[in-house]
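*Asks:* If you read the sequences in order, they're chains U and G. All letters in the first sequence, in the order written, are residues 1 to 292 by my numbering. All letters in the second sequence, in the order written, are residues 1 to 325 by my numbering.
Read the hints as simulated data drawn from the structure, not as lab findings. The reader is advised that the hints may include incorrect statements.
Output of the computed footprint for chain U on chain G, the stretches with three or more beta carbons under 8 Å from beta carbons of chain U [said to hold, decoys possible]:
id	region
1	21-34
2	97-103
3	115-121
Computed spacing ranges between beta-carbons, pair by pair [said to hold, decoys possible]:
id	chain 1	residue 1	chain 2	residue 2	range
4	G	D21	U	V194	42 to 50 Å
5	G	L282	U	E181	26 to 34 Å
6	U	I54	G	Q150	17 to 25 Å
7	G	D143	U	F40	38 to 46 Å
8	G	S121	U	L27	42 to 50 Å
9	U	V194	G	K34	32 to 40 Å
Fair warning: this is a prediction, and the values are worked out from it, not measured in the lab. In this text, a Cβ means the ideal position worked out from N, Cα and C, and glycines have one as well.
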Amino acid sequence: MTDAIVNPAKSKSELAIIIAGVARDPLGLIGLIIVGVIVFSAVFAAWIVPYDPIAMNIPDRMQGPPTAHLLGTDQLGRDTFSRVIMGGQVALKVALPAIFGAMAIGLTLGMIAGYGPKWLDNFLMLLFDTIRSFPTVMFALAVVALVGPSLQTVVFVVMATSIPTYGRVARTQTLTLRNSEFILAERAMGASIVRILSVHMLPNIIGVLAVLVAMDIPTVIALEAGLSFLGLGVKPPTPSWGALLKDGYALIRQTPWLVVGGGLPIVIATLGFTFLGESLRDVVDPKLRKNR
Amino acid sequence: MTEKLLEIDDLSVDYETARGDLKALRNITFDVNKSEIVGIVGESGCGKSTLISAILRLIAPNTRFRSGEVRFKGEDLLTASERKIRDLRGDDISIVFQDPMQTHNPVISIGQQMVDIQHRSKANKAEKRATAAKMLGAVGIPDPEARLSQFPHEFSGGMRQRIAIAMALMSEPDLLIADEPTTALDATLEVQIIERLKDLQRDFGCAILFISHHLGVIAELCDRVVVMYAGAVVESGTVREIFHHPKHPYTRRLIECDPGHIKERARVLPTIPGEVPDLANLPTGCIFRDRCDQAFERCAEVPPLTRLSDGQNAACWLNHAEEPA
Chain U
1 MTDAIVNPAK SKSELAIIIA GVARDPLGLI GLIIVGVIVF SAVFAAWIVP YDPIAMNIPD
61 RMQGPPTAHL LGTDQLGRDT FSRVIMGGQV ALKVALPAIF GAMAIGLTLG MIAGYGPKWL
121 DNFLMLLFDT IRSFPTVMFA LAVVALVGPS LQTVVFVVMA TSIPTYGRVA RTQTLTLRNS
181 EFILAERAMG ASIVRILSVH MLPNIIGVLA VLVAMDIPTV IALEAGLSFL GLGVKPPTPS
241 WGALLKDGYA LIRQTPWLVV GGGLPIVIAT LGFTFLGESL RDVVDPKLRK NR
Chain G
1 MTEKLLEIDD LSVDYETARG DLKALRNITF DVNKSEIVGI VGESGCGKST LISAILRLIA
61 PNTRFRSGEV RFKGEDLLTA SERKIRDLRG DDISIVFQDP MQTHNPVISI GQQMVDIQHR
121 SKANKAEKRA TAAKMLGAVG IPDPEARLSQ FPHEFSGGMR QRIAIAMALM SEPDLLIADE
181 PTTALDATLE VQIIERLKDL QRDFGCAILF ISHHLGVIAE LCDRVVVMYA GAVVESGTVR
241 EIFHHPKHPY TRRLIECDPG HIKERARVLP TIPGEVPDLA NLPTGCIFRD RCDQAFERCA
301 EVPPLTRLSD GQNAACWLNH AEEPA
């Protein structure tokens, strides 16, 4: 995950400095460890899970933890621990493409809005505001009604609703930079618009957006869980933290462990990414950078 | 025969503002010959920056060209295509800006910036880097190879300005515009930069349009001087003539006000009384009339920039006194 915050224009030592800076902050270190564990378990989920997360085993249904099942089983006898691990993979499968897609599109549109002509800026801002004015869940309901629930639908909904956030930040950054003297100097030296945006603007903006990404991932994980809880997310046999929570909510009198299995990872993941994001923000803050 | 590189001919530029048209430049005429250093002096707000932006066509949206031409190697830049202008910028015409602390991208290493600025060259990256290192060496940055990987904030102000000069000269331009390149630096660095510019001009043979309000620097560096006041050229000529025999009262007062020329210790530095006229609401007649202590009836008419001798032009009726009106 830490690779995601790498500024492409920065050297390796710069990345090492950033990671060291995050690790020096106690909360940052906790965030780094949590995120590391989540990413590790998501990547190697297939080898970690003790049971097949979708294999039903009715005789062993709704068991508590002090059995062969680490976190018990659900109403169909599926191993909760395996489903939590696989659910983490699903959460990242939604969060990462959605966030990075939104960042890439938002960054491009935002830079165009900030640097381009006024009418284009107005048009893009109107578009962003229109998208933002939809409540996310309503938007998701509409999209699901049209194309049906699936992982791709969730990714699309999250991406579409996140683009304006990134677009606005990129636009603001571009606006503050466009009249700076070094951009004027580049223009005076004959650089084209594409060159100015990609070589000179982008490295100045990407750091801020990288922090935004780290801060946004927990929101998206919670959003995915929320949509799955409402039945708008990933389809039932696929394990998801939100779906686990939903099953647990229905069966809370029979077994409380499902709620724990669904809820705890959301809480921990949200905390971990938030800690990491906040710590990252402090480390890459341009005002503090020079003192390093 | 000296070859004309840049000819500015009767250039007038207005800014459209809410208060009406601001006549930023009026009938500017002067030339820059090949391999010549021409200085432009004037107070703040006299139109020096507008002149540069007109030459490079890096203009604010409310700029209007009212008359005149800016010819570079015989071609009018004001009517040239955007594409053509962009090809000239940073290739045939380069510029060094005033504040070296602002002119470099803060998040990219100097080496990357210097490689990037050679985007027109077909050379590979290693060659471009070698060129960059060579240029850094030429402007006197020690250990250039190692310093290429450093970021702008790791350099001092004087070094940054030398890097800016190196970057501007990298394309071996025919014309280098230096927009008050030493104003943001202290006096010792100023001398260093001036010396460096002189050496480089000798080595590269480019013409320099040097903008400053420091008369001493102009006298030291330039071949010819253009004195501007409130958007008009009041006097132009060789450094020797302008500094020893100024023909316009404004030039005379300007030289008197230069601390370097003051012989006696005084409590208060001399100034030119009065204020620069409002360019949106121009007074009639000579632009300097209100502040001039030699003004007379004829100054109610705008004096033309008249050739007085081989190396000197001035826009003042005093020089016409003996002629029949």
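*Asks:* Evaluate each hint against the coordinates.
*Replies:* Taking the hints in turn, this is what the structure says about them:
no.: 1; hint: 21-34; in the structure: violated (count 0)
no.: 2; hint: 97-103; in the structure: holds (count 4)
no.: 3; hint: 115-121; in the structure: holds (count 4)
no.: 4; hint: G/D21 - U/V194: 42 to 50 Å; in the structure: violated (35 Å)
no.: 5; hint: G/L282 - U/E181: 26 to 34 Å; in the structure: holds (31 Å)
no.: 6; hint: U/I54 - G/Q150: 17 to 25 Å; in the structure: violated (55 Å)
no.: 7; hint: G/D143 - U/F40: 38 to 46 Å; in the structure: holds (44 Å)
no.: 8; hint: G/S121 - U/L27: 42 to 50 Å; in the structure: holds (48 Å)
no.: 9; hint: U/V194 - G/K34: 32 to 40 Å; in the structure: holds (34 Å)
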